[in-house]
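If you read the protein sequences in the order shown, they are chains F and G. All residue numbers for the first sequence refer to the working numbering, where the first residue is 1 and numbers rise by one. All residue numbers for the second sequence refer to the working numbering, where the first residue is 1 and numbers rise by one.
None of these hints come from the bench; they were simulated from the model. Quick caveat, the model's predicted, so the values are computed rather than measured. Be aware that a few hints might be false.
Said to hold, decoys possible - Covered stretches of chain G (in silico footprint by chain F; criterion: 3 or more residues with CB under 8 Å from a CB of chain F, positions within the stretch not fixed): (1) 2-9; (2) 174-183; (3) 206-215; (4) 306-320.
Glycine included, each C-beta is placed from N, C-alpha and C at the ideal position.
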Amino acid sequence: MNTTPYGNNGKNHLIELKGITKVYGTGSVAMHALRGIDLCIDPGEFVAVMGPSGSGKSTCMNILGCLDTPSAGSYLFKGIDVGTLSRDQRAILRRNYLGFVFQGFNLLNRTSALENVELPLIYRGVPARQRHDRARKALAAVGLTGWESHTPGELSGGQQQRVAIARAVVIEPEVLMADEPTGNLDSTTSREIMDLLSAFNREHGITIVMVTHEADMAVYARRTIHFLDGIIDTEVDNGKEGVVQ
Amino acid sequence: MTWETILLALRAIRRNVLRSSLTILGIVIGVGAVITMVTLGGGATAQVTSEISSLGSNMLQVRPGQDFHGPGGTRSSAEPFKIDDAEAISREIFGLEAVSPTGTSSTQVISGNKNWSTTIMGVTNAYLQVRDWPLESGREFSEAESRSGRAVCIIGATIKKEIFGDKDPVGETIRLKKLSCQVVGVLESKGQTGFGQDQDDVVLVPLRAFQRRLKGNTDVGAIYVSAADGISTTTVKEDIEQLMRERRRIASGEDDDFHVRDMQEIVSTLTSTTRILTALLGAVAAVSLLVGGIGIMNIMLVSVTERTREIGTRLAIGALEREVLMQFLIEAVVLSSFGGLIGIILGLVSAGIGAHILGMPFVFNAGIVVIAFVFSAAVGVVFGFFPARQAARLDPIEALRHE
Chain F
1 MNTTPYGNNG KNHLIELKGI TKVYGTGSVA MHALRGIDLC IDPGEFVAVM
51 GPSGSGKSTC MNILGCLDTP SAGSYLFKGI DVGTLSRDQR AILRRNYLGF
101 VFQGFNLLNR TSALENVELP LIYRGVPARQ RHDRARKALA AVGLTGWESH
151 TPGELSGGQQ QRVAIARAVV IEPEVLMADE PTGNLDSTTS REIMDLLSAF
201 NREHGITIVM VTHEADMAVY ARRTIHFLDG IIDTEVDNGK EGVVQ
Chain G
1 MTWETILLAL RAIRRNVLRS SLTILGIVIG VGAVITMVTL GGGATAQVTS
51 EISSLGSNML QVRPGQDFHG PGGTRSSAEP FKIDDAEAIS REIFGLEAVS
101 PTGTSSTQVI SGNKNWSTTI MGVTNAYLQV RDWPLESGRE FSEAESRSGR
151 AVCIIGATIK KEIFGDKDPV GETIRLKKLS CQVVGVLESK GQTGFGQDQD
201 DVVLVPLRAF QRRLKGNTDV GAIYVSAADG ISTTTVKEDI EQLMRERRRI
251 ASGEDDDFHV RDMQEIVSTL TSTTRILTAL LGAVAAVSLL VGGIGIMNIM
301 LVSVTERTRE IGTRLAIGAL EREVLMQFLI EAVVLSSFGG LIGIILGLVS
351 AGIGAHILGM PFVFNAGIVV IAFVFSAAVG VVFGFFPARQ AARLDPIEAL
401 RHE
């Protein structure tokens, strides 16, 4: 995986989608979720992806996160064609370069916050002692010092999402994929989470791709991409480096 | 990674205490039941075998009438034996220890106000030798008593208990039909036969007295023969059959109208009975193992939603399919072997207690322990592992979306 960063084409794109389509089903019942997406994302960007339900924004996100495979088109991640990678190679790509934050948190139940954050490090084979230290630091970075031994059931929604963010950033990913990270949270908590994501973008240079349908949240991003009926409708440059307000 | 995977599996077990313990419980019940049942069955078989040897394993019974399977009984149509037949066996057959002609009848024993229904056997002293049956007190029949057919008797332990209680019966008189009979000896207790008959519920009188005073004929019902040490009962049986065919003038090709039964035959009848019993118990236990397995399957399927999402999460953060599978496999193996071990211990302990309560020997059967353990492990692995495999093969996003 550790080939020359940013590919051989001379451009600095971290992510490059060309003509990506995604079709569910076949024949007359075929549903075209994506109808040809061209998109480039550079290192350190904070991109918000917006659009109504069914516009294909989540599908695109899943393809970007290597959780799903496109029907056609090419996806270059750091210049590497993800389409040529095997299932296991895609898993290793996720393990080393991608962090995920989901709307539903997707933490392991009845498992302490610390163990949840340690999980990706276990799959990366980080030794136990180092794992604990890094997980503690990641929890501290999201403001959860003292909550390490609490299980998701004992944490509020905002705290659970913080644990999920800690789990995503503990591997120091190139890209953090956030799929409606504030979808289950109230507005105050949502702003706290967005501040946190912005801080990671700004201070650690982690590229963030975030799907949201709340305009309030999209303004945190530098660039907003609007999806409609499976294609990119408009792209808006917020003109600011990272955080608004 | 292997150690880490084991760690992940152990964490997953610890995290889901209820689910884990229910899984273990299912296996414990199944394995425990199988081991208990089969071990008890083995104990029953061993006990039956030892009871048969208490009958005297070198003993043969010669009875008039054709063979029919099961203990006791004769065909009335066949001509009965006479004392001569017993004497001929004693004289002509090689390798005998003792021969006793006998007669059997059921009657009431009366003494004072006590009344007991029992079996009267007319025997010679040789009967005690054939049955290897020592006296608890008193003496055998004297030569004169045997010859003259005097009204004396030796009683079994049950008769002593029922009629005399704690009193010493030797010298007392009991009444058999119209015959007043003096008790000269008491037999040691032999307990029940493998068929549940009380061997001690018997009154022995001299054969001559039995024939003359109780039956009014000279018939002999069955001839009990014991082979000397080191002599095969099969050979003795064949010799006796040949002799009796000659004496009873049975042409070659005609069926015997008598039957020589050796204990091997009874042993095989009884062991086949207990084997069926063991198989039956084993089948019941196998059903409980199956039910335990279904319990495990239920638990696994109920938790499949949660687990599928867990698998999706693990895949999303970069776990390989085989790492997830290995974790679930280890989880299933650990749970089922742990359950299997507890089941084995529990099964052996309860079999031990059961054997103690039922007064049976405890026969350890390593084979069934291994079979039960392997089966339980297989059940655990199949039902724990395969749903997980289905999930781990999904695209991560499908597993994550699973509802």
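Hint-by-hint comparison with the structure:
| no. | hint | in the structure |
| --- | --- | --- |
| 1 | 2-9 | holds (count 3) |
| 2 | 174-183 | violated (count 0) |
| 3 | 206-215 | violated (count 0) |
| 4 | 306-320 | holds (count 12) |
Comparing the model with each earlier hint shows violations of hints 2 and 3; every other hint is respected.
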